[in-house]
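> Each chain, written out:
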Amino acid sequence: MRNMRICIDSCVFIQGLGQGDPNALRLLTLFGSDLALVIPRLVAQEVTRNLVTAEQVHLFYRLFHESTYAFIIDEPVPVKLVAKYVDLGLRQKADAFIGAFTEWVELRYLISDNRHFLRELNTNAFTVLDADLFLERWDKDSL
Amino acid sequence: MSATTIPVQLPAEVYTKLTQLAAEEQVDPAEVVSRLIDAATQHRVWLRNLSALREQIQRDGGIHVGDSREEVVERMRQTRQEIFDAEYAHLY
Numbered sequence: 001m002r003n004m005r006i007c008i009d010s011c012v013f014i015q016g017l018g019q020g021d022p023n024a025l026r027l028l029t030l031f032g033s034d035l036a037l038v039i040p041r042l043v044a045q046e047v048t049r050n051l052v053t054a055e056q057v058h059l060f061y062r063l064f065h066e067s068t069y070a071f072i073i074d075e076p077v078p079v080k081l082v083a084k085y086v087d088l089g090l091r092q093k094a095d096a097f098i099g100a101f102t103e104w105v106e107l108r109y110l111i112s113d114n115r116h117f118l119r120e121l122n123t124n125a126f127t128v129l130d131a132d133l134f135l136e137r138w139d140k141d142s143l
Numbered sequence: 001m002s003a004t005t006i007p008v009q010l011p012a013e014v015y016t017k018l019t020q021l022a023a024e025e026q027v028d029p030a031e032v033v034s035r036l037i038d039a040a041t042q043h044r045v046w047l048r049n050l051s052a053l054r055e056q057i058q059r060d061g062g063i064h065v066g067d068s069r070e071e072v073v074e075r076m077r078q079t080r081q082e083i084f085d086a087e088y089a090h091l092y
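Those protein sequence lines, which keep their order, are chains A and B. Counting in the numbering used here, the first sequence runs from 1 upward without gaps. Counting in the numbering used here, the second sequence runs from 1 upward without gaps.
I should point out that these hints are in silico values taken from the structure, not numbers from a laboratory. Keep in mind the model is a prediction, meaning the values are calculated, not measured. Even glycine gets a Cβ: it sits at the ideal position worked out from N, Cα and C. Incorrect hints may have been included.
[Unchecked claim] Facing chain B, from chain A, some residues (calculated, C-beta under 7 Å): (1) ALA44; (2) GLU46; (3) GLN56; (4) ARG62.
Sequences are here, hints too, so could you generate the full structure?
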């Protein structure tokens with residue numbers, strides 16, 4: 001199914017931008033009218049913290065400024081929802097924040113290689129996939 | 001003031017699909033074409049900006065956060081924790 005909104009974790013961003021991971025990069029090329037990207041400010045901060053020049057940071061934010069399909073959400077996630085995701089298996093509040101964000105803005109997928117999301121999170125609100133599996137399902141139109 | 005129009009020839013199959021889409025959305029076929037062009041243009045802008053960022057990163061020597069996926073994940077979790085502790089923890 002197309003026309004969906006997803007969140008991608010900073011580790012996937014970094015692998016697509018600088019590590020030469022072909023699937024992470026391909027995922028980054030998909031965003032458009034069929035697939036919208038929504039990330040919390042925290043993820044944007046994590047990516048930019050690991051960029052090394054002001055020009056890189058400028059170009060990162062330009063991706064979002066010039067797109068109508070990619071969004072950075074600045075508003076804090078509700079406290080109760082973060083606590084819920086701690087209870088659901090994300091013991092570190094920083095990880096729970098990302099899980100809570102994904103439910104809060106009603107995204108269908110969180111794309112991450114973080115094993116804490118992939119193995120320890122137990123939720124029906126959204127699905128956690130790594131980039132490889134997401135692309136496999138995307139290509140089969142089976143998401 | 002009406003816009004200048006230009007006749008266009010389409011394969012019958014394409015025209016049929018176009019008019020079906022237009023009927024479903026209750027708009028003029030030209031509006032469907034316009035939306036598709038807008039979407040394609042937006043996607044090109046995204047790809048152009050993504051390439052510019054990747055090329056800049058390459059020119060600057062890459063991103064040094066680890067050699068394997070596992071190392072990248074761990075490094076990014078450390079970054080997440082540092083930022084969360086500094087800027088978000090007081091809210092939660």
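> Could you run down the list of hints and mark each one as holding or not?
Here is what the structure says about each hint:
1. ALA44: violated, 10 Å
2. GLU46: holds, 5 Å
3. GLN56: holds, 5 Å
4. ARG62: Result: holds, 5 Å to nearest chain B Cβ.
Violated hint for the displayed structure: number 1, the only one.
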